[in-house]
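Q: Protein chains in written order, with my numbering: chain A, 1 to 266; chain B, 1001 to 1108.
Be careful, since some hints might not be right.
[As the list claims (entries may be wrong)] Below, a sample of chain B positions facing chain A; criterion: calculated Cβ distance under 7 Å:
1. Ala1045
2. Cys1047
3. Leu1051
4. Phe1066
5. Ser1074
6. Leu1077
The hints are simulated quantities; they were obtained by calculation from the structure and are not laboratory data.
Predicted model, so just to flag it, every value in this text is computed and none were measured.
C-beta atoms are modelled at their ideal positions from N, C-alpha and C, and glycine is treated no differently.
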Amino acid sequence: MPRPKGALDLIEEAIVELRNAPASAWITYYAGSLPFVLSLLYFWADMSRSAFAYRHLAEAAFGLSLLYVWMKCWQSVFASLIYKRLLPGVTSHFTTASVFRMALAQTVLQPYSLFLLPLTFLVFLPFGWTYALYHNISLIGNGETADIRAVLRKSWKLASLWPGQNHRVILILWLFSMVVFLNVGIVIFFIPQLIQTLFGVESVFTMSPFQALNTTFLSVVWGVSYLLVNPLIKTIYVLRCFHGESVHTGADLATELDQLALSLDS
Amino acid sequence: MSRFDLSQQRCLNHQQREAVARCPECKRYFCRECIAEHEDRVLCASCLRKLQAPEDKKKRPLRLLFRTIQLLCSVLLLWLFFYYMGEVLLLFPTSFHEGTFWEKLGES
């Protein structure tokens, strides 16, 4: 088994891939994630403020479930687009059958992550593997195979590859996410202060700094941070899958040769 | 020496050839020519054919039913997650959601 890339090298490679990603990949990602995050924030605010929220809780939860599946499907498309860019001469195309297979795999497998990830986080030790597994499912369950067990088996195999690298990546990403969360929180908190200074408009945030501890504010900060950090995390796990599969297929060598040929031509 | 030792085995189809792999499906030994890699597993030609063969028509309705149940279970699980998340949010007092809870706690 070859030595894996360092965690920082992998993150750097993911950032380069994201910077070179076409607009279609970004549109794909946000077309899926934005409706879900906005609905979740609305759901959160509604449940925490409205006196009659319990009356439509069941319908709201069902709508949110559908949007969660919608988000996971688009994230799978995003992961596929990033992955296909790594393979020279391969273009991504989705057929009706492959979209159906992808929706099936994502719907059947992803909901369990909502329970397993917090559970494994509490137990601590298996968290890294579970976290990688569900990110890998986004890529492997992209509709290329109809067999859900095969998707799970392959995702698990790639998730259990190079555990040291995986855990280092998670640790760095956790610290990075904390910094992003704080940054977003500070920006959102200071916007009302800035408006008050410039235009003299008072708001709840300018009247009491404790308002920054209201749960809707914190959930908005979480939502924005998720939308900013998650594409990077997805790309990192796509790269891990690519390098993991390359151990057998040699696809990384083909990519490097292709790049070398291009640089020699130019 | 174990009788399952690969170096002591012969190919099922070519008795004059040494075996190089054991098929994980049928557990028989085969030479290099009789095996192929499929989804990171080395399988013999007949097992590979069985795996890639179109589904038995009789099993199709059963599989469809199983998939539908799987799908419904997952959607139900999702719905339960968000439903109970809403229930938990409804349980907390308004002062906690509005942040005034911490203000009062700080004053007292």
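Q: Using 7 Å as the Cβ threshold, decide whether Ser1074 of chain B counts as touching chain A.
A: Holds - the Cβ of Ser1074 of chain B comes within 7 Å of chain A, reaching about 5 Å at its closest.
Q: Does the CB of Ala1045 of chain B sit less than 7 Å away from some CB of chain A?
A: For Ala1045 of chain B, the interface hint is violated, since the closest Cβ of chain A sits about 20 Å away, which is over 7 Å.
Q: Once the shortest beta carbon distance from Cys1047 of chain B to chain A is found, is it less than 7 Å?
A: Check failed: Cβ of Cys1047 of chain B comes no nearer than 15 Å to chain A, outside 7 Å.
Q: Using Cβ atoms only, decide whether Leu1051 of chain B comes closer than 7 Å to chain A, and label the hint accordingly.
A: violated (10 Å)
Q: Identify whether the interface hint at Leu1077 of chain B stands, where standing means a beta carbon of chain A within less than 7 Å of its own.
A: Constraint on Leu1077 of chain B satisfied, holds at 5 Å.
Q: Given Phe1066 of chain B was flagged as interface, is its beta-carbon under 7 Å from a beta-carbon of chain A?
A: violated (10 Å)
Of the hints listed earlier, those the structure fails to meet are numbers 1, 2, 3, 4, in rising order.
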